[in-house]
Each structure stands twice: as structure tokens, then as C-alpha cells.
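*Asks:* Take each chain as given, in its own frame, and dock them per the hints.
Below, each chain spelled out in residue letters.
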Amino acid sequence: MQSNHRLALVENKDADPQAQMREDIASVFEQVLGHPVQITDQTDIVEDLGMDSLGVMNFVMAIEDFYDISIPLDRIAQIQTVADLIHAVQDLRSGTPT
Amino acid sequence: MTILAKHAASKLVYDSLKEHGVDPVNVRFDSVLSPTEGMLHGRRTILLGTNNYLGLTFDPDCIERSVEATRSQGTGTTGSRIANGSYDGHLRLEEALANFYGCQHAMVFSTGYQANLGILSTLVGRGDHLMLDADSHASIYDGSRLGHAEVIRFRHNSPDDLYKRLRRLEGVPGDRLIVVEGIYSMLGDTAPLKEFAAVKRETGAYLLVDEAHSMGVLGATGRGLAEAAGVEDDVDFIVGTFSKSLGSVGGFCVSNNPDFDILRVVCRPYMFTASLPPGVIGSTLAALEKVRSEPQLRVNLMRNAHRLHDGLTALGFQTGPEANPVVAVAMPNTETAVLFWKLLLDKGLYLNIAIPPATPTNVSLLRSSVSAAHTTQQIDTALELFADVGRQLGFLTADRRRAGGVV
Numbered sequence: 001m002q003s004n005h006r007l008a009l010v011e012n013k014d015a016d017p018q019a020q021m022r023e024d025i026a027s028v029f030e031q032v033l034g035h036p037v038q039i040t041d042q043t044d045i046v047e048d049l050g051m052d053s054l055g056v057m058n059f060v061m062a063i064e065d066f067y068d069i070s071i072p073l074d075r076i077a078q079i080q081t082v083a084d085l086i087h088a089v090q091d092l093r094s095g096t097p098t
Numbered sequence: 001m002t003i004l005a006k007h008a009a010s011k012l013v014y015d016s017l018k019e020h021g022v023d024p025v026n027v028r029f030d031s032v033l034s035p036t037e038g039m040l041h042g043r044r045t046i047l048l049g050t051n052n053y054l055g056l057t058f059d060p061d062c063i064e065r066s067v068e069a070t071r072s073q074g075t076g077t078t079g080s081r082i083a084n085g086s087y088d089g090h091l092r093l094e095e096a097l098a099n100f101y102g103c104q105h106a107m108v109f110s111t112g113y114q115a116n117l118g119i120l121s122t123l124v125g126r127g128d129h130l131m132l133d134a135d136s137h138a139s140i141y142d143g144s145r146l147g148h149a150e151v152i153r154f155r156h157n158s159p160d161d162l163y164k165r166l167r168r169l170e171g172v173p174g175d176r177l178i179v180v181e182g183i184y185s186m187l188g189d190t191a192p193l194k195e196f197a198a199v200k201r202e203t204g205a206y207l208l209v210d211e212a213h214s215m216g217v218l219g220a221t222g223r224g225l226a227e228a229a230g231v232e233d234d235v236d237f238i239v240g241t242f243s244k245s246l247g248s249v250g251g252f253c254v255s256n257n258p259d260f261d262i263l264r265v266v267c268r269p270y271m272f273t274a275s276l277p278p279g280v281i282g283s284t285l286a287a288l289e290k291v292r293s294e295p296q297l298r299v300n301l302m303r304n305a306h307r308l309h310d311g312l313t314a315l316g317f318q319t320g321p322e323a324n325p326v327v328a329v330a331m332p333n334t335e336t337a338v339l340f341w342k343l344l345l346d347k348g349l350y351l352n353i354a355i356p357p358a359t360p361t362n363v364s365l366l367r368s369s370v371s372a373a374h375t376t377q378q379i380d381t382a383l384e385l386f387a388d389v390g391r392q393l394g395f396l397t398a399d400r401r402r403a404g405g406v407v
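So the sequence lines, in the order shown, correspond to chains C and Z.
Throughout the first sequence, residue numbering follows my numbering, covering 1 to 98 in sequence.
Throughout the second sequence, residue numbering follows my numbering, covering 1 to 407 in sequence.
Worth flagging that the hints you see were computed from the coordinates, not collected in a lab.
All C-beta atoms, glycine included, are put in the ideal place defined by N, C-alpha and C.
This list has only true hints and no planted wrong ones.
Some, not all, of what chain Z presents toward chain C, calculated at C-beta under 10 Å: (1) LEU130; (2) LEU132; (3) ALA134; (4) TYR141; (5) PHE154; (6) PRO357; (7) PRO360; (8) ASN362.
For reference, chain Z alone in the conformation it holds in the complex (with noise of 0.2 Å):
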């Protein structure tokens, strides 16, 4: 028994994956050959399961950006903005974010999960009411816990019971912070924004979406979520990442409220911590501008999303609510996802496997995550494959119509 006998439990389920032949948190490539495929085993293999909704990653622009970034500016920051200053390319991010959202203020921070520790940690203090959606992200948790704001959670994606739960504050002083989330990363339905902007209004709460899986995805733009729900004028904080549709590292936030940059001296998160080295900060340059000027990539995207998602539904799986470029696929249980999940990666197919108690309803998931640069072919081989695994482990009936045992 050592100091980490307290998460016996987790060992328990950890092993019994092992023990079934499979270390999904352990997947090791031999290499990555491009947006889509990697090499596994020495077998090419279809990345199904990387974020990378704009197939951004090897975008010649966007490598040629940070390689040069790299050579003129070194390999790292080696610390802090407050201790070591700001690059020109960390200033430059800054407005071009704030440039792409409309917004006035810009803040960078080194990851997507950093930026939801800092600003969550920030915004709301003792005193406070943070309001936070039931299934949200686990940096959004997180953030709540560094901070010191009630938090009070609300049902999944119900501005009723969030309406709910904000006239039971009535008359209770202090500042509110309602928290949603774009797209869920787990089972790829978007937030109803434009009722949560209503309550926000009636309430005056503050309201703070986290468009990590939709920044570059939704909105006639590539916004995000608010800019498609017509609401960003009643979003007073977007958060966001860098490490999907833009295909690098990061996060950010951006705001119109005028006492933004005090921010910068109050958040830890932001202020104790390396910031993002030359190199990531211009890719990621490159990348807004390529979501700026090549709205056809959210186009392939959208594409390549509804085949999936239509192409599973109609074989019989049960798959998310809405055709998002995450697509996730109910499983009966756990060892039968873990053997659909190792299966699907013997013949060529990489995704990702979530099981409880990190899904939101229990139930275990093959959650998939589509890319504009996927075609046609590699979404038809990874719908085949499904079928072939689907019945293998008798989940589709021989006219694959409907699945046997999917909940």
C-alpha cells in the first residue's frame, strides 16, 4: 500500500482494460502521416477521434508560419509575459482574436484548460454564484474549484432549471456567471444558447459560453455557436481553444467589458505559467486566417459530419442528437465497448472510447470526432468497419436495420 492506494478504484477498472488486451489512454503511434491517418502497428490507420475538426495540422501555410516563427524567435519563451515580456506574435494573437470575435479584448492563455481555470477562477469570487451546465468539461470544474464562488450546477442544456435555480437567488447579493458550452465534447449536441441568453437578461446574470468544439465549426463565420444562435451581443465571455479547429496549443478568451485587462494582473492561471512559444503562436495565426478566408473547410466539415452520423444511424446505432462533427455511438455496456473500440483499431480505425463515470449518462460511448480533410472514402471505410464490428458482436440484425441491445 503506497500514498496512491486512494485511487484503488480507478486501478480496478484501468487493470481490468489492460487485462481485456487494450490501453485505450495508451495508444502509442508509430507515427502521424496527416490530418487523418497515422501509422499503428505498422498498419496505416484512419484517425477518427483527433479534434481536428479543420484538418489544420499539416496546412502547409500554417507550417511554414511556425517554422519560421521558430527560427527568428527560438524555440520557447522560457517563462512567464509578467516576468519575460510578450512577444510581438503573443500581442499579434491577441488582436486578431479580438478582431475575429468583434470584440474589444483579447487574452491568451497556454491551454484551452488553463483559460477555463483562469477566467472561471477569476470572473466570480466569495460571494459569488457560478451557474455551471451538469455535463460541462472537466477544466470547467476544475476552474470552479480554484475559485472561491458557490457553484451551483444546473440540468444539462435546461435554461428552466437554470431559471429556476437563479430566482432561488433572489435577493442574494453578488455577481452570477452562467456557463455553457458550444458543442458537448462527449456527445456533440450544442447548447439551446438563445433561451440561456434569455434568462440571462431577465436574471442579469453574466453568461460565459465555452466554444472549444465549435470555434471554426459553427456559425456563418466560424464563431462558434453564439454567432449561429444569433446571440453573441448577450455573450459576455467566450472561451476557447487553439488544440482543434486551429490544429495547435492554447486557449483564449475574448470579452467587450471594459475592465478586461485587469485580467492580466489578477489571473494565475495566466500570469504563473510559460506562455505559448513562437512557434505555436504562429501557426495559430495562420490558422484563424485560413478560417477566415476558406469557409469551404467548415463546409467538407459539416459534409463529412452528417455522412457519418446518417451513415451509423441508418446501420442501426444510436448515436448523439444532432449531426455535429462529434459523433458519438451508445454502446450496451463497457466490455462491449472496449471490444467494439479494440476491434474497430485492429482493423484500421482510431476514435476515441469514453466510459463512466467521464460520460454523461453513464452509458459508455464510441465518441468520434470528424475532420474537413476526412473523404468520402475514409468516412464510407469507417462507416463499413462499424457495420463489420456491429455485426461481429451481433449488435445489427442481418438487414441492419436495428441494433440488437444498443440502449
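Same shape as in the complex, but just chain C (with noise of 0.2 Å):
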């Protein structure tokens, strides 16, 4: 219960950042689906948005362009949800290599 209670400090510390990235993402998938698109950490990118394996390829590839970075497919596997995309760009630009 305690701990808890300290990670969701520590989240709310860093929420600056990530709001702004999910600004960023949201205006991605607005470019990527043709529509605007509400997203919370917890938005499933496939099963949410309803996007095809096509449409998740030219999603990410508009990630990367967007933040210069290229995410690996083994990281791609690993995202799931706008929480886990915002991690694996994090890592990315810090140069993290998990």
C-alpha cells in the first residue's frame, strides 16, 4: 500500500514530461489515422485505436521520424500500450539500451 503510494508520487513528479509526449503521440496518430484520437497511458495501440499491423508500422515509423530515433523490432514487440511507447522513447533518446 505504502509503495504504491511512493510510485505514484514518483509518477506525478515526471508528469510533466510525459504529458507533453503524450501530446506528441496523440498528434502522431491524428497524422497517422486521419482522425483525432483521445489516449491515456493506458490506451492499447492495437486493440484501442484499432489499428492493422500496416497501420502500426506507419505509426511507428512516424514515432521515429518524429523523435530521430529508431526503436528496434524487438522493442516494438515489447510496447503494447501509450505507457510502454512512452518508456521505450525515453530509453531511446537517453540512450538506454533496454
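*Replies:* Set out below in C-alpha cells:
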């Protein structure tokens, strides 16, 4: 219980840059899907946004262009939610290989 | 619910095809009569989807060499070259391939799929980067998963996107291997290889070209796209197959890399599988000689390719960007594609149907592969059948100029 509370505090502290990223990611979604979308950290990129494999690929490539990164295929396979994507982008931008 | 319940989504698609009374992955020929004809449900059927580019599967010399090798050396090697030893034919085929490409080294695999599995998983490893064209064949993707390199996908046929991604890796240690294909198997488009070669030179990456569909097809002497584009010196590794223009089965890799032979003791898909049987080696050697001695085959092939591609375009169908032996026609949706395919088959024309996600742009395709062995009459019959079915399904307007509904 207590540790959950602490985790929540840490997340709040980092909320700003992540909120900005969510906004950016939403704009990339809009650009790829052709209509605006509402996303949260929990949004499932395939299930909730109804993307097929080609849509996902185009979306990933647009995200890569936006952040000037390349997301390796094994990392892409691990990304299910918007939060996963944010973590992957943050890792790759900071040069953390995990 | 069994252990296979996880494939429910695929089962749904497959079952829906079967509901239409078609099963494109289980076509059963009563017999195959020639490189271009088979019997299907008692009906003579034109084969326009078997990648038999040079039509060598029934070549008398190839058959004779295969029979001779089988009689003298048996039906199979019953094991790997490491365990059971190489036969003279394996070495002669490797010499012949090296000689054909003007390369120092060649290595033969038991299938083209295994050639990609083996080479891609062994050339690069942990800490390296594998740069794949997004439309790469399944064997390339699977090879990338067998190894330990980081895999980065670039936009199909985009040297600029590749360059951008290699630039992002500046300062990151490790080797980079770029993988592209000579002719892409679904749409029949070729890679802009000159531009890819320039990116490779500028970034210090290695370049591998999979010439599965372009060997024996492109280039002045049939060596493929690298020869046609005049960039053979920039290509570090060529991978190919015997199961298309050479009419048998098997795969290979050729290279001038001085350390090439180390692959024989580290490349697992080469080491841990049975080697090709003598009969296959025999016909493949004969077929490779035909590629060299009968350039007319390529002339006939391209003539047929242009006739089919241009004919379909003139009818109003949307075809791929280039007239190559792979000729794809875009269908407005999967249902139409299935119906179109079935009607063609009922009228005696066999080709391939490709539906998402097996297609590059989520478009359903009818995919033809032309052979040098097709007669002009067969190509014209195929065009007539396309026109018939197109009209029947309301595709083509009366004047046959525009394709209604085709994207």
C-alpha cells in the first residue's frame, strides 16, 4: 500500500514531460489515422485504436521520425500501451539500451 | 479449446476463405504436365504462379543430369555435410556459383529460406545492427529473429530513410548490415540498388542483396539486380535460391569476404540440416549452365512479362510499378480477390492470391509469375480470362479502359 503510494508520487513528479509526450504521440496518431484520438497511458495501441499491422508500422515510423530515433523490432514487439511507448522513446532518447 | 486456440484469428480468416468454396493454400494438381501446364480437377490449367521463371523444371538436360546423379549416388545424403561429408556435387555447385558471380566464395544451403536464416543470423550478432527493408520476405524477418543483432526496419525502397537511420547510429559501435531484395516477390518492384550502394559506401555498412526472384532474370548475364544496376562491387553478400529460375530447390550465398569459410562451422542452419540430395545438385548444375548458355531464355521471359503487364494495364487493371516477371494486380478487397481467383481457376488459370497481412500495403493481390516457357498464346489466354472475369465482376467498363472499383 505504502509503496504504491510512493510510486504514484514519483509518477506525478514526472508527469510534465510525459504529458507533453502523450500530446505529441496523440498528434502523430492523428496524422497517421486521419482523425483525432483520445489517449491515456493505458490506451492499447492495437486493441483500442483499431490499428492493423500496416497501421502500426506506419505509426511507429512516424513516431521514429518525430523523435529522430529508430525503435528496434524487439522493442516494438514489447510495446502494447501508450505508457510502454513513452518508456521506449525515453530509453532510446537517453541512450539506455534496455 | 486446444493449444492451437491462440491462432483463432488466423483460423477465422482461413475458414472464411473455405466458406467461399476455395482453399488457395491447398490447391491439389492431379498432375503437372510442363513448366506452364497442369491438370486440375481433370482440366488443363495454365500455370501462371509458380516462379518457374526460365521454365527449366522439364528441361531434358536438367532431368538427365538429375537422374544420372541419383542413379550413381543415391536418393539422398541422409545427413549434414559436417556429419556425413560433402559429395563431389556440393563442391562443384559451389565452385560453379562462385564462378558464375565472379566471387571467391560460395556456400550452398538446403533451401533459400535456410540460406537467409543462416546468413542473417551469423553475419551480425550482439551489438551489431541489421537494417531491413520493411517489405522484406518472411525468411529475412525470421533470419533476423534467429540472430542477436538489433533489427531496424526502414521504409520500403527508401535509401533516404535508410540513411537517416544509419546516421542515428553514428558513434554506436558494431557492424551494420543492410538487407534488400533484387525483385520483391509480391509487387515485382526492384530495389533502387545504386542509391542503396551509395548509402552503404558513405556509412561504412555492409550490403546484402537477396536475388531470389532476380537471379537468372535480371542483368546482362543473369546475375541479378546487382549486375543490372552495375553495383556488384558494392554488394558484399548475395543470397539466392535454386527453386525459382533454376527449377529445383536449395539456396546459396556468394561473397568475396576473405573470412567467408568460417561460416561453415558457425552457421547453424547450414550445419544442422541434411544437405541437398545428388539429384537436386545435378539438375541445379545443369540449370546454372543453361542460364549462361541460353540468354534467349531471359529475352523470352521479359517479352512475356511485358506482354502480361502491359496487357493487364491496358485492360484497366492496376498492376505493379515495373514490368517484371512478377506481375501483381490490385483487388479492391479480399472478397473480390478470392472470388476473382476462384473464377480464374475454374476457367483454367492458376496464379497466386495474396491477402493482408501477407501483402505490403494491405491490398489484396492476384500475383502472377511469368515464365520464359509460356507461349504468346498462353499469355493472351490469361489476358482474355482476366478480362472475362473482370467484366463478370463489374470491374471493367464496356470500353475496357477504366477499372471501376480498383484502387
